[in-house]
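4 protein chains.
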Amino acid sequence: MKDVIDYQKIFSDVASKVSKMDDLGNVACYIPELGTVNPNKLGIHLTTVDQLHFHFGDATEKFSIQSISKVFSLTLALKLKGDKLWERVGYEPSGCAFNSLVQLEHENGIPRNPFINAGAIVICDVLVSSLDNPKDDLLDFIKCTSGIDDISYNEKVVHSEKETGYRNYALANFMKSFGNLNNEVDCVLDFYFHLCSIEMSCKDLAQAFLYLADAGVNPITNTTVITARRSKRINSIMQMCGFYDEAGEFAFKTGLPGKSGVGGGIIAVHPGKYCIAVWSPKLNKNGNSYKGMALLEGITTRSNNSIF
Amino acid sequence: MKDVIDYQKIFSDVASKVSKMDDLGNVACYIPELGTVNPNKLGIHLTTVDQLHFHFGDATEKFSIQSISKVFSLTLALKLKGDKLWERVGYEPSGCAFNSLVQLEHENGIPRNPFINAGAIVICDVLVSSLDNPKDDLLDFIKCTSGIDDISYNEKVVHSEKETGYRNYALANFMKSFGNLNNEVDCVLDFYFHLCSIEMSCKDLAQAFLYLADAGVNPITNTTVITARRSKRINSIMQMCGFYDEAGEFAFKTGLPGKSGVGGGIIAVHPGKYCIAVWSPKLNKNGNSYKGMALLEGITTRSNNSIF
Amino acid sequence: MKDVIDYQKIFSDVASKVSKMDDLGNVACYIPELGTVNPNKLGIHLTTVDQLHFHFGDATEKFSIQSISKVFSLTLALKLKGDKLWERVGYEPSGCAFNSLVQLEHENGIPRNPFINAGAIVICDVLVSSLDNPKDDLLDFIKCTSGIDDISYNEKVVHSEKETGYRNYALANFMKSFGNLNNEVDCVLDFYFHLCSIEMSCKDLAQAFLYLADAGVNPITNTTVITARRSKRINSIMQMCGFYDEAGEFAFKTGLPGKSGVGGGIIAVHPGKYCIAVWSPKLNKNGNSYKGMALLEGITTRSNNSIF
Amino acid sequence: MKDVIDYQKIFSDVASKVSKMDDLGNVACYIPELGTVNPNKLGIHLTTVDQLHFHFGDATEKFSIQSISKVFSLTLALKLKGDKLWERVGYEPSGCAFNSLVQLEHENGIPRNPFINAGAIVICDVLVSSLDNPKDDLLDFIKCTSGIDDISYNEKVVHSEKETGYRNYALANFMKSFGNLNNEVDCVLDFYFHLCSIEMSCKDLAQAFLYLADAGVNPITNTTVITARRSKRINSIMQMCGFYDEAGEFAFKTGLPGKSGVGGGIIAVHPGKYCIAVWSPKLNKNGNSYKGMALLEGITTRSNNSIF
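Protein chains in written order, with my numbering: chain A, 1 to 308; chain B, 1 to 308; chain C, 1 to 308; chain D, 1 to 308.
With the rest of the complex left out, here is chain A (with noise of 0.2 Å):
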């Protein structure tokens, strides 16, 4: 038995003493289909790799999962186009702000990582010329790979991100100027608009990120998702590049890799042991959930479980 900790114990403890804290963030209102959420939502679901399952709150609620799903379209494109994937966007933390185009105008076009906007703009470009229905086929990915049926875009969310979504329009044109895109940025941008519109729960997100923690292979499905090797490479992004520039943060006080969206929330991952996802809705200023940090901040302090 690789675990015996008592998370249960632990998620009500820590979950107490955060509902406690005053929520100094708000939620994502740049979106304004996300704005209607009710803040005080609080979720967490950990699974490990021998299938045990912990979980507190409102964790089997799907909500929008927003850029965490850019963890499942990076996997997909690594699985399609291996190492040439890497000709088009880095794996280096930015040191900017996730929307920010002033680094891609000094490095030419080619994004940081595939997490800030501007990469995991790329990606979409990538799967787009290499699926035959880009929507159908990624949510079909999910699903087979997790074992959860019940996973769909929301079209409301596409649609109020296609009203707002200027910087992302003019984060794929300035690609598109320098060269790195190679489909139409309209169409582009709907697949991520819908990539970005997925709604999951904590508890989904724990069972369908598992295959990061166990070298690949979902083991509720025993599916191998990616090799071993490149499971160990996204989970290395994830901890250099997963929370914008709040990524030294996050291994700091938890000291895990994971990626967190502007829905509120945040999976990570401890290779070997378990995938864990929370959830709630208001976000600090770097846009990353509030209390979601502070939860996992809490949780890996309490059971001693950090990769550091």
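Just so you know, these hints were derived from the structure itself, not from any lab.
It should be emphasised that the depicted structure is a prediction, and the values quoted were computed from it without experimental measurement.
Each hint can be trusted.
Which copy? The list can't say, so a pair holds if one copy fits it or any two copies do.
Keeping only pairs whose Cα atoms sit at most 25 Å apart, straight-line, the calculated BS3-like set for lysine-lysine is:
| # | residue 1 | residue 2 |
| --- | --- | --- |
| 1 | LYS41 | LYS285 |
| 2 | LYS253 | LYS273 |
| 3 | LYS282 | LYS41 |
| 4 | LYS253 | LYS81 |
| 5 | LYS41 | LYS20 |
| 6 | LYS17 | LYS84 |
| 7 | LYS79 | LYS253 |
| 8 | LYS135 | LYS62 |
| 9 | LYS17 | LYS282 |
| 10 | LYS84 | LYS285 |
| 11 | LYS84 | LYS253 |
With chain A fixed as given, assemble chains B, C and D onto it according to the hints.
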């Protein structure tokens, strides 16, 4: 008689000297349609406020004036909106390339001046909001104030720019994300690309911009194009910002307010005296006419004519 | 008689209007010794090339001319080294704060122009290499060409700058790391701090810089300070770069080449006509005299006197 | 027995493979004294928390550890000042070169992390303020916690760095101008240059940094170097920031927290398992050991040993 300088002699001397220079520049190739021009064209036309004309070479051949037309759009926008215009665009030199997004990001979507691409796009947005038929109304304004009838857009150039102008789409979307664009990106850029496609000859240009040499009044048509005070301000902006990241070079060598275009044209104004236009299609690395710069330097040096 | 404008009347009218303005600026405090000046001082002095004098207020009181002296050092360096000087410093506006290191890093230690701090330090390095006794020789040059005897350094200000001038030490060391400083940092900065500590009155300044209004010759002493061609170029550099990141503002509102100092002084030149100096110690947020800018705007507007 | 991997075999296999690579790197030449090293040196030493030792090649030869020593200074400063340290330096990756001033200017003199030069200089300032005899006290701290007696500064290297370290003088003065340096620049840099001049062997390094693999306690001397919580945080900072603008590359390929120096040394830590040091003097363009990076990539791949 204000001007007793023998410009005719100066033109042929300077042109003869310049024609012997190696033309190290290149015709603008990022807009495919511009690449079809004969690179050896060379024209000069000077018109004094007393309506004396001096010319040389291909002075009556129409060419794509490109960014030179941004002086027309600025004039019209300033006439229509007055000093409120400066809430949306500055009048400081940029210290950056003409199509840079970096400064825009650091300065919250307010372009540095009306002559870099971002600033000219904001001016177009202002005109789209203010005019009933922006494209027709702008052409009418130019024709009416200059007394020149045969001025038109080149739809082939418009089409060529639309097909390849990703950087301008990036700039427009970027400003829209900051709230500094009120109309739809496609609509504003359609007008912007038309603006840049205007075709005029050196003779046309010298005549059409003569109002900047005569306190806002075009002496040929006797129309008040703009107030004296604003005419002076447009000249100061041309001085500071008319040559992208080479404004200092032009001030240093020529010493007149001016504006260049990637079609190889340049206009320059000697307030109180004359307006001059030159044309030579090959561009230096900063996007300004290689021989055009040399012509104007030679002419102002020989005629001892500079505002400094 | 070239100038029949009643400057005396204009000065008292404009000064009366400006004196009623709230002075929103602050006296320079980063150099403690400068903080001791009376903030209500206000002086104006205009000298025409025909040697007519017009003045107002504290026009004969000496003050710390600070960066205005960079026009003297540029003139002397250009006289000594000629166009080779431009291999080590540019003449383009910077688009950045006067003491920024950012652009220097992107452009390999070549400062944008001789008036930002980095550029003025390079000019000092050139003079330290070229002169036997840089401090004595520079003062002699100014005295000799201007015909003013009582010009001196203020050692208290030098001391004050040395104690607090870490940013300038940073700039000098930074350029030395790029190989663009030939002498020892301490030696160059000792000269630089002396240069900035020169004290002159408005009357002194208008007289000393009159050569820039008269094609390089000071008509009072009848000495050729520099060639006509270089005088014109110094004017163009003042126009483009004389007010740090507010050069466009000054060109726009006043329309004359000029140079400001953090002591609250400003000089401006109308080529062919006059040199004017104003002084009011409180600075706006860009480090230029708040009321000095307003005085010059008022005076050039009232006298309808601008190069544009 | 925690580790049954035959590291000896892996070392000779990987070293044999790496020795056949073209070494495209160059020995650090900006510090002249470093240029005298034999570029063909190659050493590896791994020490497990159970005190097993594995080594290869020049593992006992002392070399200039350069920036690796910044992990010692950080450890000591964190021990002395606790979390108040983070008011003066961050722990985010920089996305810039190790000696960049750009980010410092945008972020008001607070360096991004303790491993870029600016951050290490701030740490030195903290130690100069806190220790009676900074140079002696630091060496004593390292000797005492590691149990190694013959560790010393190389005064020739110190002298060499002082003669040529203009960029570091620029950084220190720049931070002092922002108020983020409490002691005199010369004093802080004297300590900084000594810190960088420390000489140790691979064996020494693996032993001295073993506390980072064992929750803050060095198992060899049985001394608590720092708390477990802070040991974990130092590891996270090494992970995020240990390789300048190549941190992602190292995380991606090796997957361990580590720190490099321009002397060609690299240490890496597998928390709970071991500390490894490698040495090969030639550097890649990012200033990290060219073959050292390849050695560690090969070793962690072969031993299937990564935190991800």
